Amino acid sequence: MNQCKQCGATLPEDSRFCLQCGTENTPSSSTTPQGELDFLKPAVAGGLVLGILSAIPFLNYVNACCCLWAQGGGALATWLLNKQRPGTLKYSDGALGGVLSGLIGAFVATIINIPIQMILMTPEAVEAMKAQFQQANLPPQAMEMLNRFLQPGFNLSVTLISLLLNMLFLGLFAMIGGIITAAIFARKRAD
Amino acid sequence: MKRPVKLALILCTTVWCLAIFLAPLFDLAPVYLFFSRVCHQLPARSWHLYGHQLGLCIRCTSLSLGFLGGLLLLRVPNVRWLKISIAITALEWLLAFTVMDSETLRVLSGLLLGATAAPVIRTGVEELFIRVRTAHESM
Numbered sequence: 001m002n003q004c005k006q007c008g009a010t011l012p013e014d015s016r017f018c019l020q021c022g023t024e025n026t027p028s029s030s031t032t033p034q035g036e037l038d039f040l041k042p043a044v045a046g047g048l049v050l051g052i053l054s055a056i057p058f059l060n061y062v063n064a065c066c067c068l069w070a071q072g073g074g075a076l077a078t079w080l081l082n083k084q085r086p087g088t089l090k091y092s093d094g095a096l097g098g099v100l101s102g103l104i105g106a107f108v109a110t111i112i113n114i115p116i117q118m119i120l121m122t123p124e125a126v127e128a129m130k131a132q133f134q135q136a137n138l139p140p141q142a143m144e145m146l147n148r149f150l151q152p153g154f155n156l157s158v159t160l161i162s163l164l165l166n167m168l169f170l171g172l173f174a175m176i177g178g179i180i181t182a183a184i185f186a187r188k189r190a191d
Numbered sequence: 192m193k194r195p196v197k198l199a200l201i202l203c204t205t206v207w208c209l210a211i212f213l214a215p216l217f218d219l220a221p222v223y224l225f226f227s228r229v230c231h232q233l234p235a236r237s238w239h240l241y242g243h244q245l246g247l248c249i250r251c252t253s254l255s256l257g258f259l260g261g262l263l264l265l266r267v268p269n270v271r272w273l274k275i276s277i278a279i280t281a282l283e284w285l286l287a288f289t290v291m292d293s294e295t296l297r298v299l300s301g302l303l304l305g306a307t308a309a310p311v312i313r314t315g316v317e318e319l320f321i322r323v324r325t326a327h328e329s330m
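In order, the protein sequences belong to chains B and L.
Residue 184 in this note's numbering sits at position 184 of the first sequence; the count goes up by one each step and never skips.
Residue 291 in this note's numbering sits at position 100 of the second sequence; the count goes up by one each step and never skips.
No lab work stands behind these hints: they were computed from the structure.
Where hints are given, some of them may not hold.
[To be verified] Sample of chain B residues at the chain L side, in silico, Cβ under 8 Å:
1) C7
2) I52
3) A64
Keep in mind the model is a prediction, meaning the values are calculated, not measured.
Idealized CB from N, CA, C, for every residue including glycine.
So here's chain B without its partners, still in its complex pose (with noise of 0.2 Å):
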């Protein structure tokens, strides 16, 4: 019985392709020898890349298409890993490289919103931000609690809300733009 070099199921002696995941399994490549992969540099690398980029005003609107930024960090940080072992990730290589660097680039992207917050927080931009937010289509209470996270200066609760909020967004964004990537790369061995 062979194993799926992709997913891991059990194959028959002779089936070509995988019954769970579709990957082809060519006799050659599912002996390819699978080194350890290091996780922590290219974690790092995405986490930095996507924290900076979701952290600068403006830049970060990005994130505001479906987490983009976070994506691409996990994106970065599969490439990374496929650098090191080429065209024999698996899917979970790229979920736990997405995660880590999306978690990296949360505490990278709540450090530097630190000083911006401070700088450019002033009561006039503060109030600039809500005469803006009153043109959306939104309800009073939802314009209510937005207002109240728009504060002058540095706040310490919102900071730390921000924090919990940039874990989940930016880790689950990241693993999904790291499982993608794995998946693309694998597609373009079995090719």
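We have chain B; now place chain L onto it with these hints.
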């Protein structure tokens, strides 16, 4: 191990999709705040229910619904179709900025991308859970 992970993913995605529509119906401010982390929530690019916009924009709503559909209906990941749907979405986004902003195209590309990404992401999450569990058991 894989079945509970798949069920958990379906449950979380269903809650996510329900929240999109319940937010305007019940005036759920925390839901809007939650979704504001992933979506621009621009009124011109969002559907509206009873005078209030949904929790997510049209594209994000379509992606979410497509993802749920993919989890329920598609079993085997197809990376070729995933790449095609990523290319279609990028092309549609470019078209919207330059030539033609079509709500129909935005919905269709979002549904397709969500559906094709679902089995790939499900497989990755299942493998990750197996890996973590195996590592935990070997300690």
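Each hint tested on the structure:
For B/C7, the interface hint holds, the least distance from its beta-carbon to any beta-carbon of chain L being 6 Å, beneath 8 Å. This hint is violated: B/I52 has a C-beta 18 Å from the nearest C-beta of chain L, more than the 8 Å allowed. About 4 Å separates the beta-carbon of B/A64 from the nearest beta-carbon of chain L, less than 8 Å, and the hint is met.
Hint 2 from the earlier list is the only one contradicted by this structure; the remaining hints agree with it.
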